[in-house]
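Peer 1: Residues per chain are reported as follows:
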Amino acid sequence: NAGVMQNPRHLVRRRGQEARLRCSPMKGHSHVYWYRQLPEEGLKFMVYLQKENIIDESGMPKERFSAEFPKEGPSILRIQQVVRGDSAAYFCASSPSDTPSYGYTFGSGTRLTVV
Amino acid sequence: AQSVTQLDSQVPVFEEAPVELRCNYSSSVSVYLFWYVQYPNQGLQLLLKYLSGSTLVKGINGFEAEFNKSQTSFHLRKPSVHISDTAEYFCAVSAAGYSTLTFGKGTMLLVSP
Chain A
84 NAGVMQNPRH LVRRRGQEAR LRCSPMKGHS HVYWYRQLPE EGLKFMVYLQ
134 KENIIDESGM PKERFSAEFP KEGPSILRIQ QVVRGDSAAY FCASSPSDTP
184 SYGYTFGSGT RLTVV
Chain B
48 AQSVTQLDSQ VPVFEEAPVE LRCNYSSSVS VYLFWYVQYP NQGLQLLLKY
98 LSGSTLVKGI NGFEAEFNKS QTSFHLRKPS VHISDTAEYF CAVSAAGYST
148 LTFGKGTMLL VSP
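Note that the protein sequences, when read in sequence, are chains A and B. 198 is the number that the numbering used here gives the last residue of the first sequence; the numbers go up by one with no jumps. 160 is the number that the numbering used here gives the last residue of the second sequence; the numbers go up by one with no jumps.
Because the hints were derived from the structure by calculation, they are not lab data. Accuracy of the hints is not assured; some may be wrong.
Said to hold, decoys possible - Across the chosen pairs, the derived CB separations fall in these ranges: (1) A:Gly99 / B:Glu67: 41 to 49 Å; (2) B:Gly100 / A:Pro144: 34 to 42 Å; (3) A:Arg98 / B:Pro87: 36 to 44 Å; (4) A:Gln133 / B:Ser99: 35 to 43 Å; (5) B:Ser56 / A:Val198: 25 to 33 Å; (6) B:Met155 / A:Thr196: 18 to 26 Å; (7) A:Gly156 / B:Glu63: 46 to 54 Å; (8) B:Leu157 / A:Ser184: 30 to 38 Å; (9) A:Gln133 / B:Arg124: 34 to 42 Å.
Where a beta carbon is used, it is the ideal one built from N, C-alpha and C, also for glycine.
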């Protein structure tokens, strides 16, 4: 009964490098959400995807950040040319439906540290 | 747009004492409400949710919450806490017809012996 799988759990990148965060949703879930958690700021919505489609990216920074959820394989959150301010915990959640009544199932997160 | 305010960033309590974690929300449309718990270095786990119907919602681990539409609140309560309840608790809201959840900043519940 695998839940939402995120990898890596911890990622260290030097400034200017690229970070790739992966998320495999629960079996049967086709809706994926990415959130970023900064200390004492709670979780901030970044992007909502369904298979091969970005549904809502209103929370994504305009530059350097991109996300995809291909037909096959995990969802990827990509951060290009990372800066210190990108250091945070990034959580992926999945849902079987676009109806919020189901709530989300969260992964354990990827903790990105930019040095 | 929706917003969530968690009034306390930290709540210290003694073991076996009752606790209430406060949550107020703002929305111009009807909402669904959620409480999640996050243990250190882990993801978020759903505690309970309010969709419709009875305003008193019971969740896992002995927690319950009451939806108060007039006060736009959804406070979380537990009559007797355990050390293992030490964690961060997040209130979240979703507007009917929207998929995304908006979270509060969280309340750290610190239970001491």
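Peer 1: A range of 41 to 49 Å was offered for this pair. Does it hold for the Cβ distance of A:Gly99 and B:Glu67?
Peer 2: The hinted range 41 to 49 Å holds for A:Gly99 and B:Glu67, with Cβ atoms some 47 Å apart.
Peer 1: Is the hinted range of 34 to 42 Å satisfied by the C-beta distance from B:Gly100 to A:Pro144?
Peer 2: 39 Å, holds
Peer 1: CB of B:Leu157 to CB of A:Ser184, is that within 30 to 38 Å?
Peer 2: This hint holds: roughly 32 Å between Cβ atoms.
Peer 1: Confirm or reject the claim that A:Gln133 and B:Arg124 have a C-beta distance inside 34 to 42 Å.
Peer 2: 36 Å, holds
Peer 1: Lying within 25 to 33 Å: is that true of the beta-carbon distance B:Ser56 to A:Val198?
Peer 2: Distance hint for B:Ser56, A:Val198 holds at roughly 28 Å.
Peer 1: Just tell me: holds or violated, for the beta carbon distance of B:Met155 and A:Thr196 against 18 to 26 Å?
Peer 2: 22 Å, holds
Peer 1: Given a hint of 35 to 43 Å, does the C-beta separation of A:Gln133 and B:Ser99 actually sit inside it?
Peer 2: 25 Å, violated
Peer 1: For the hint 46 to 54 Å, verify it against the beta carbon of A:Gly156 and that of B:Glu63.
Peer 2: About 48 Å separates the Cβ atoms of A:Gly156 and B:Glu63, which means 46 to 54 Å holds.
Peer 1: Does 36 to 44 Å hold as the CB distance between A:Arg98 and B:Pro87, or does it fail?
Peer 2: 28 Å, violated
In terms of the numbered hints stated before, the structure departs from hints 3 and 4, listed from lowest to highest.
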